[in-house]
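2 protein chains.
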Amino acid sequence: MSTCTAAATDLPQHLPALDWITDPSRVARLSQDFAWFSPVLKRELSGKVGEVVVRPRTEDEIRQVVALCARESVPITVRGSGTGNYGQCTPLAGGVVLDLSAYNGFLWCRGAVGRAQAGIRLAEFDERCRPLGHELRWLPSTFRSATLGGLFGGGFGGAGSINYGPLAAPGNVLGVRVMTVEPEPQVLELRGPDAMLLHHTYGTNGIVLELEVALAPATPWTECLVEFDDYGAALQLATEFGAAPGLLKKEVCFLGAPIADYFTALAEHLTPGAHVVLLVLAPEAEAALQAMASRLGGRLCYRKSADEVAASHRTLLEYTWNHTTLHALKVDKGLTYIQTGFDPQRFQAQVLALEAALAGEVLMHLEFLRTKEGAFTCSGLQIIRYTTEARLNEIMQIYRDHGVFINNPHVYVVEDGKQAGQLAPGVLAMKQRFDPQGLLNPGKLRSWAPA
Amino acid sequence: MSTCTAAATDLPQHLPALDWITDPSRVARLSQDFAWFSPVLKRELSGKVGEVVVRPRTEDEIRQVVALCARESVPITVRGSGTGNYGQCTPLAGGVVLDLSAYNGFLWCRGAVGRAQAGIRLAEFDERCRPLGHELRWLPSTFRSATLGGLFGGGFGGAGSINYGPLAAPGNVLGVRVMTVEPEPQVLELRGPDAMLLHHTYGTNGIVLELEVALAPATPWTECLVEFDDYGAALQLATEFGAAPGLLKKEVCFLGAPIADYFTALAEHLTPGAHVVLLVLAPEAEAALQAMASRLGGRLCYRKSADEVAASHRTLLEYTWNHTTLHALKVDKGLTYIQTGFDPQRFQAQVLALEAALAGEVLMHLEFLRTKEGAFTCSGLQIIRYTTEARLNEIMQIYRDHGVFINNPHVYVVEDGKQAGQLAPGVLAMKQRFDPQGLLNPGKLRSWAPA
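As given, the protein sequences belong to chains A and B, one line each in that order. Count along the first sequence starting at 1, add 828, and that's the number in my numbering. Count along the second sequence starting at 1, add 828, and that's the number in my numbering.
Okay, chain A solo, but in the shape it has when bound (with noise of 0.2 Å):
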């Protein structure tokens, strides 16, 4: 690990080319994302900042600064738009924060697969697919703003992921190039797997510069919710429709009540205290689903074309995944989440047994997904009115206790994460291989260190 970063705050005058930010409030807000979801990384990342920002706009530009602080032993922070929860961005040895959100050019879109640099935004780059016929496989509701370097180096997927899985599942993303931190960085294209030793480290073991990745069809996606007296009724619509291989889907969100009472600008389409499921579905399946809402007892409550969704500039994918614990944040400050996988085998017994265990204190909300293997399930990002670090563990532990994997989203550490407690041998490697001096976020990674 580095031990001079005494030198970062010069390194402006040795490259007065490039675009680089100073103000300490700028730089401290560069050095943030939203970890502030939890109370625990509030706290444990609080005052962690870089010293200084820098906003490359070209691969030659990222190559002298890299190049410089590998001489300088100065820690690179990799960031992009900072839509991330775990201080992905947040610097712990302070340093230089990498601003990648100009390095942001649409490279090509050939068949159906898409290259870009890793500052773009997804928004962006579905906009530059969509008149090609194809889009993102995969769209996190922070898709305005966040980055495809950002969703490769520690997001999960989003919208798409019950058809395509996680990101991880293989054939999603296809190839990266990668840059090393030495004194003469070199730049590597990674492919398929290899790529994949990259994924979900927080930009901790190389620099991300490009990603290729594969592309769904661009679909004219309409949007409903559907709202229920009935709870289980609301689960099973959100099993069934999300399960069923002909009715073609890009989104199935379950929202125990009250959830859906904290999204006070659907609040004149919702009924209050309904249990809502929201769906982002292919115009073809829409009648299916009427049918089935009307036979399970559920009412369509909001009903969008593609057309009104476009027009209107508000899509319901903005109710979903991380959204929906930062619309319910805004109400109500005393909330905090945590990230759950259920059992393909049995997800709606262990959603059911759950509710009734922790009614009132955790608000189910669980988004429909295949896993990386394929198996049809859901994960969730429940909401909890939290108390005290102890009772969130209990509650965590509680869900451990029927079975439910936990993600937990109150660690920093890439092996506390989704890593389970240890990096594969492959990870370690490409940190060896791409940041020998171990200078990218020096702590984010707790089980290596430099030769």
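The hints are simulated quantities; they were obtained by calculation from the structure and are not laboratory data. Hints are not guaranteed to be accurate.
To be verified - Taking lysine-lysine and the DSS-like style, the derived pairs with C-alpha atoms no more than 30 Å apart in a straight line are:
#1 Lys1132/B / Lys1158/B
#2 Lys1132/A / Lys1158/A
#3 Lys1132/B / Lys1200/A
#4 Lys1161/B / Lys870/B
#5 Lys876/A / Lys1158/A
#6 Lys870/A / Lys1161/A
#7 Lys876/A / Lys1161/A
#8 Lys1200/A / Lys1200/B
#9 Lys1132/A / Lys1200/B
For chain A, the structure is supplied; the task is to place chain B on it using the hints.
Chain B in isolation, oriented as in the chain A frame:
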């Protein structure tokens, strides 16, 4: 059931403008399908022929025939191209064969929905949709000649069912236009679940005139064969690739040795005695297939791009589903087959146990797919070295004893096939509504009699 069929051969003179076929050998041929795959059906259906065939070109011509038959109480058996396997188009009580193959217009394609007359060949439908960016969701191996109406009347699905499930999954067939068999025939549009009450009833409960189906995005499919020395490794590739949500495919077919040895036209590509996985996949999934095959010890021994497939006018799809059996039968007339449905929870274990129990006598041919509810599994069209009917039944019982579902392809009565002994009340209500005189191939339904 009709008791008066004497008038059938007199019908042409009442409607001389229509295209009638009266030559007995042609009538006999048009009274047959591929039921000869089954030695049992071959015997049972022997000598069952219509008296006359009519090939209407318009709805009005169909109406004239149907009205006349209803007035004269002449049985009607609807047929398409005769690619079925259960005597769907074989008249059990003589009468008129209503050949819809000339009623074959493509009507329209709007968004991802297409509509055509029942007699359209699936290949023609696909060719009409492709320039608009769409294709059929399922292609049986008989797609070159099989009709859309025939697929709906007695088919299952085919290539593509790995994505969209069987044709019967909600959202695949959106609506049908149906004619009643009455002296004054009525025409109605049935949508969604109502339409599906006419599915897989072999044309016995209504004359389907037009079908409206949801479409898939057109994709330039690559065709591959991967061969293995190891049975379990081949099964694993088929399972893993088939289930992988990020790897787009249209077809995954497992062919245990020595099935592929029957494919004489592919012999130059295959090692005799190899276990073979046949895949039709998107180009962007090829790198992952190669990596997976090489990890599992498989050899990619055949690869054709979509352009090469189109130029060659040969497709591996014509080695899958029922065509697998056809190729084997061309080489060895002593073979027959069964149709089986494996348990999504344990299909690999079932396959391995049944292979251990019946190797040599039962040749394992599996088609990977999603069930109507969306579970990933495989179905089998196992090839059997036929000895006696008793042994054939014994083999099916051994399969059942392993928890595998049998769709017996050696029966021709609707209730004995996949309807599993009894028809849903809705299906019988449709019969009453659309064929109150019971003229549609009398004998094919057992559990309904005219009031």
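Hint check:
The suggested pairing of Lys1132/B with Lys1158/B holds, with an alpha-carbon distance near 25 Å, which does not exceed 30 Å. As the CA atoms of Lys1132/A and Lys1158/A are separated by approximately 25 Å, the hinted pair is consistent with the 30 Å bound. Annotation: proposed proximity of Lys1132/B to Lys1200/A holds, straight-line Cα distance about 28 Å (limit 30 Å). Restraint check for Lys1161/B and Lys870/B: satisfied, since their Cα atoms lie roughly 13 Å apart, inside the 30 Å limit.
Only pairs whose Cα atoms come within 30 Å are accepted, and Lys876/A paired with Lys1158/A is accepted, the gap being roughly 24 Å. At roughly 13 Å between alpha-carbon atoms, Lys870/A and Lys1161/A fall within 30 Å of each other, so this suggested pair holds. As the CA atoms of Lys876/A and Lys1161/A are separated by approximately 22 Å, the hinted pair is consistent with the 30 Å bound. Restraint check for Lys1200/A and Lys1200/B: satisfied, since their Cα atoms lie roughly 21 Å apart, inside the 30 Å limit.
The suggested pairing of Lys1132/A with Lys1200/B holds, with an alpha-carbon distance near 28 Å, which does not exceed 30 Å.
When the structure is compared with the earlier hints, no violation turns up for any of them.
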